[in-house]
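With these hints in hand, go ahead and build the complete structure from the sequences.
The primary structure of each chain is shown beneath.
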Amino acid sequence: GAGVSQTPSNKVTEKGKYVELRCDPISGHTALYWYRQSLGQGPEFLIYFQGTGAADDSGLPNDRFFAVRPEGSVSTLKIQRTERGDSAVYLCASSLYLGGPYNEQFFGPGTRLTVL
Amino acid sequence: GQSLEQPSEVTAVEGAIVQINCTYQTSGFYGLSWYQQHDGGAPTFLSYNALDGLEETGRFSSFLSRSDSYGYLLLQELQMKDSASYFCAVTGNNRKLIWGLGTSLAVNP
Numbered sequence: 053g054a055g056v057s058q059t060p061s062n063k064v065t066e067k068g069k070y071v072e073l074r075c076d077p078i079s080g081h082t083a084l085y086w087y088r089q090s091l092g093q094g095p096e097f098l099i100y101f102q103g104t105g106a107a108d109d110s111g112l113p114n115d116r117f118f119a120v121r122p123e124g125s126v127s128t129l130k131i132q133r134t135e136r137g138d139s140a141v142y143l144c145a146s147s148l149y150l151g152g153p154y155n156e157q158f159f160g161p162g163t164r165l166t167v168l
Numbered sequence: 412g413q414s415l416e417q418p419s420e421v422t423a424v425e426g427a428i429v430q431i432n433c434t435y436q437t438s439g440f441y442g443l444s445w446y447q448q449h450d451g452g453a454p455t456f457l458s459y460n461a462l463d464g465l466e467e468t469g470r471f472s473s474f475l476s477r478s479d480s481y482g483y484l485l486l487q488e489l490q491m492k493d494s495a496s497y498f499c500a501v502t503g504n505n506r507k508l509i510w511g512l513g514t515s516l517a518v519n520p
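So the protein lines, in turn, are chains A and B.
Residues 53 to 168, numbered by my numbering, are exactly what the first sequence covers, in order.
Residues 412 to 520, numbered by my numbering, are exactly what the second sequence covers, in order.
Rather than coming from a laboratory, the hints here were simulated on the basis of the structure.
Hints are supplied without guarantee of correctness; some may be wrong.
Stated by the list, open to error - Pairwise CB distance ranges (calculated): (1) Leu168(A) / Arg477(B): 44 to 50 angstroms; (2) Asp479(B) / Leu168(A): 43 to 49 angstroms; (3) Arg74(A) / Gln413(B): 28 to 34 angstroms; (4) Thr104(A) / Asn504(B): 19 to 25 angstroms.
C-beta: ideal position from N, C-alpha, C; glycine also.
Structure representation (structure tokens):
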């Protein structure tokens, strides 16, 4: 596709449930990033991948959060035992390569997660 | 710690010029980026400064002073559609973006 896509666009779940959020980056982009954003805040870094490997997962808030990118393209963010505090917009971004002269990241539309 | 500071809100009128400042304190510095985000939308890239000086792209310009750990985004000939949040972000160690809290710009007729 022409841009970064994320599915689902909205996800409502109950506390304690498991959710998966999917990101399909721009074709050919090797770097992929996950952020979450709460209302009135800037994006909060979660994890990024260079290829298939997680280059930095220091932003994952706890071990309930996990992300994979098995073939170096599509990525899935997985949240176990969801809590109400996990409610936010989860943004995915990709860039051509990691930290080059123009570290332009292209963002998807986000997944709005609501935990009831 | 790492931090970026920018004003929380700015108001201006159509046709005016507005400057949004950003000061930063980060572990490592490769460059300063600016992103625009409309309500309900995704952030979109505006500019990137790795070296000192002014970069101009149409109505938007961005400035960086590495010695002062300071940059700004300059928006000229403001239009109603420029009403949005503007984020500065630093590419720091590990080449990841560290984001400010954003500046909400309201452009009035």
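Against the structure, the hints:
1. Leu168(A) / Arg477(B): 44 to 50 angstroms: holds (47 angstroms)
2. Asp479(B) / Leu168(A): 43 to 49 angstroms: Given about 47 angstroms between the Cβ atoms, the range holds.
3. Arg74(A) / Gln413(B): 28 to 34 angstroms: holds (30 angstroms)
4. Thr104(A) / Asn504(B): 19 to 25 angstroms: Since threonine 104(A) and asparagine 504(B) have Cβ atoms about 22 angstroms apart, the given range 19 to 25 angstroms holds.
Checked against the numbered hints listed earlier, the structure breaks none of them; every hint is satisfied.
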